[in-house]
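Please work from the sequences and hints to get the whole structure.
Under full-length UniProt numbering, the first residue of the sequence shown carries the number 1, and numbering increases by one thereafter.
Be careful, since some hints might not be right.
Below, in silico cross-link-like pairs of lysine to any residue (SDA-like), each with a Cα-Cα straight-line distance of 25 Å or less [stated by the list, open to error]:
#1 K364 x D139
#2 K317 x D606
#3 K526 x N555
#4 K466 x D505
#5 K497 x N465
#6 K613 x T324
#7 K389 x R500
#8 K111 x Q11
#9 K536 x F568
#10 K150 x E161
#11 K493 x E392
#12 K536 x E579
#13 K493 x T412
#14 K613 x E120
#15 K81 x D139
#16 K81 x L21
#17 K493 x L454
#18 K150 x S384
#19 K149 x F77
#20 K81 x G128
#21 K490 x F436
#22 K385 x D567
#23 K562 x K613
#24 K149 x I163
Pair ranges (Cβ atoms, derived) [what the hints assert, rightly or not]:
#25 V344 x Q494: 57 to 67 Å
#26 E97 x S387: 48 to 58 Å
#27 R564 x R515: 15 to 25 Å
The hints are simulated quantities; they were obtained by calculation from the structure and are not laboratory data.
Keep in mind that this is a model prediction, so the values were computed, not measured.
Virtual Cβ for every residue (Gly too), placed ideally from N, Cα, C.
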Amino acid sequence: MFDQLAVFTPQGQVLYQYNCLGKKFSEIQINSFISQLITSPVTRKESVANANTDGFDFNLLTINSEHKNSPSFNALFYLNKQPELYFVVTFAEQTLELNQETQQTLALVLKLWNSLHLSESILKNRQGQNEKNKHNYVDILQGIEDDLKKFEQYFRIKYEESIKQDHINPDNFTKNGSVPQSHNKNTKKKLRDTKGKKQSTGNVGSGRKWGRDGGMLDEMNHEDAAKLDFSSSNSHNSSQVALDSTINKDSFGDRTEGGDFLIKEIDDLLSSHKDEITSGNEAKNSGYVSTAFGFLQKHVLGNKTINESDLKSVLEKLTQQLITKNVAPEAADYLTQQVSHDLVGSKTANWTSVENTARESLTKALTQILTPGVSVDLLREIQSKRSKKDEEGKCDPYVFSIVGVNGVGKSTNLSKLAFWLLQNNFKVLIVACDTFRSGAVEQLRVHVENLAQLMDDSHVRGSKNKRGKTGNDYVELFEAGYGGSDLVTKIAKQAIKYSRDQNFDIVLMDTAGRRHNDPTLMSPLKSFADQAKPDKIIMVGEALVGTDSVQQAKNFNDAFGKGRNLDFFIISKCDTVGEMLGTMVNMVYATGIPILFVGVGQTYTDLRTLSVKWAVNTLMS
1 MFDQLAVFTP
11 QGQVLYQYNC
21 LGKKFSEIQI
31 NSFISQLITS
41 PVTRKESVAN
51 ANTDGFDFNL
61 LTINSEHKNS
71 PSFNALFYLN
81 KQPELYFVVT
91 FAEQTLELNQ
101 ETQQTLALVL
111 KLWNSLHLSE
121 SILKNRQGQN
131 EKNKHNYVDI
141 LQGIEDDLKK
151 FEQYFRIKYE
161 ESIKQDHINP
171 DNFTKNGSVP
181 QSHNKNTKKK
191 LRDTKGKKQS
201 TGNVGSGRKW
211 GRDGGMLDEM
221 NHEDAAKLDF
231 SSSNSHNSSQ
241 VALDSTINKD
251 SFGDRTEGGD
261 FLIKEIDDLL
271 SSHKDEITSG
281 NEAKNSGYVS
291 TAFGFLQKHV
301 LGNKTINESD
311 LKSVLEKLTQ
321 QLITKNVAPE
331 AADYLTQQVS
341 HDLVGSKTAN
351 WTSVENTARE
361 SLTKALTQIL
371 TPGVSVDLLR
381 EIQSKRSKKD
391 EEGKCDPYVF
401 SIVGVNGVGK
411 STNLSKLAFW
421 LLQNNFKVLI
431 VACDTFRSGA
441 VEQLRVHVEN
451 LAQLMDDSHV
461 RGSKNKRGKT
471 GNDYVELFEA
481 GYGGSDLVTK
491 IAKQAIKYSR
501 DQNFDIVLMD
511 TAGRRHNDPT
521 LMSPLKSFAD
531 QAKPDKIIMV
541 GEALVGTDSV
551 QQAKNFNDAF
561 GKGRNLDFFI
571 ISKCDTVGEM
581 LGTMVNMVYA
591 TGIPILFVGV
601 GQTYTDLRTL
611 SVKWAVNTLM
621 S
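Structure (structure tokens):
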């Protein structure tokens, strides 16, 4: 592993520091690096650029330290010019593996730093664009403390899960013969498995080998018997394979310092920034530069007062683009009207065409419509409600109700939401309120068995917990069979009372799918909401549905009466539509209800909080 990572200014202000071994940060190392850099400037021969550097040009220095407590070391670094910042990774010696690790680490640091736009924020502070304090001084870190914390958190997660794991060989032992600490757990498991196999083999008695004529050839030894022993290991492995298929380990998140489970967004952040750079480069190279007079035309079009006739053809083109991305015509018209109101009478920037100005305005309009108007912090809301106890010392559970049309993935996304809540150490009760669809209860039972086994390896599928229900101490299924709409309300009220008595934190109610244009099916939703009084009503919408999503969202939002609305959307199957994300715009446009999560796969970890920037960039590409 490398030794240390530091990000600092030429004036010596350290913006971020990290010691890979968890020890106290060694300032002597960085001071030695600065001293070496001043006395021996870097030459082109010492630059490093290969596949591991991800397009960045790094420099390498070997520092022979004069301090007794600091032995010689190497430093791989990158100099950012605007603003001037040093990104330095130090390591003990130049080996193939260490060189590769430090290059990948420094590339990761720079990609995360750039994706959070930290350099731009520091540059604005340096240029005095932010408020000054009482001493007429601007701190370069003013207003970016949260982004720096996010950078630290994302870097640690990404480094630990990818780069660090890739460069640890589980077959390597330390000099004293012990197993490296990071692999103790896995190694112990392997030893247990091996031990189990030996015991199983030992239990097989000496058998006999028989010839084709029925005569005995010889006695069968333990080695031969072991080859025919499939009793323990295979049954365990087959069930484990079935369970592993329900989760995607590469999509796991991590916990914050407060213990909250972080849905993995780091890769989305990095890919979003990469797409942003690509689209920016394409925009610069597009337009009029392909013609002989493109350069002059581009300059002439700058600083122009925009009128409606200038925008007409441009807005028609943008409207068609939105419609091809599954945005409903009425939503597309609304967005282009916003662009028209924003631009008519204004002037284009220097060297900017009307079309590029309109695209920027549409990007702003899309961002505005998809950004939630109020803060949605589910974990804080849940913790706040669970902290209030009555005279008996009991707490009310936080109740979710999941609604939507048939086949959009309500039960699957309910289970994904349950998995996320379980990772945040909440005790979850899943309630089967879909009493109409054949197999609905059985489907939830399978999900609960999977979740119970993921939370506790010792859970036996098909077994009942101490309360006689499907599940274990972490997650449980509340079911009462099939029946009419009256049974649904009855089950909901009983489940809430049961969860309160058994001290469950969360109640997740699965409801029957229903056609949004059938009043007979939609009318029971109001009485259900009035009786169950859920804290949050979530509608699962399907990314595939297209323009009909406007009417779906309106009808479901209106079904609960004047005093109750939907709280937020989960948009499922986003991994199946490519760039056609118009359903998101349609549903928010129709109701004003925010999107909190998007489903991007079939495993329990394939749930993401909505990245507005990613959605807008995809729609505008």
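Each hint, compared with the structure:
1. K364 x D139: Violated, at about 29 Å.
2. K317 x D606: It is violated: about 35 Å lies between the C-alpha atoms, which goes past 25 Å.
3. K526 x N555: 12 Å, holds
4. K466 x D505: Judged against 25 Å, a Cα distance of about 18 Å means the pair holds.
5. K497 x N465: 19 Å, holds
6. K613 x T324: 19 Å, holds
7. K389 x R500: 11 Å, holds
8. K111 x Q11: Given that 25 Å is the threshold and the Cα spacing comes to 24 Å, the pair holds.
9. K536 x F568: 8 Å, holds
10. K150 x E161: 16 Å, holds
11. K493 x E392: Given that 25 Å is the threshold and the Cα spacing comes to 20 Å, the pair holds.
12. K536 x E579: Measuring from Cα to Cα gives roughly 29 Å; hence the hint is violated.
13. K493 x T412: 23 Å, holds
14. K613 x E120: 17 Å, holds
15. K81 x D139: 19 Å, holds
16. K81 x L21: With Cα atoms ~30 Å apart, K81 and L21 exceed 25 Å; violated.
17. K493 x L454: Between K493 and L454 the Cα gap is close to 29 Å, so the pair fails against 25 Å, i.e. violated.
18. K150 x S384: Status holds; Cα separation ~24 Å.
19. K149 x F77: 22 Å, holds
20. K81 x G128: At roughly 18 Å apart (the allowed maximum being 25 Å), G128 and K81 satisfy the hint.
21. K490 x F436: Within the cut-off at roughly 14 Å; holds.
22. K385 x D567: Distance ~17 Å between K385 and D567 Cα, so the pair holds.
23. K562 x K613: With a Cα-Cα distance of about 33 Å, the restraint between K562 and K613 is violated, given a limit of 25 Å.
24. K149 x I163: 20 Å, holds
25. V344 x Q494: 57 to 67 Å: 59 Å, holds
26. E97 x S387: 48 to 58 Å: 49 Å, holds
27. R564 x R515: 15 to 25 Å: Holds, since R564 and R515 (Cβ atoms, about 21 Å apart) stay within the stated range.
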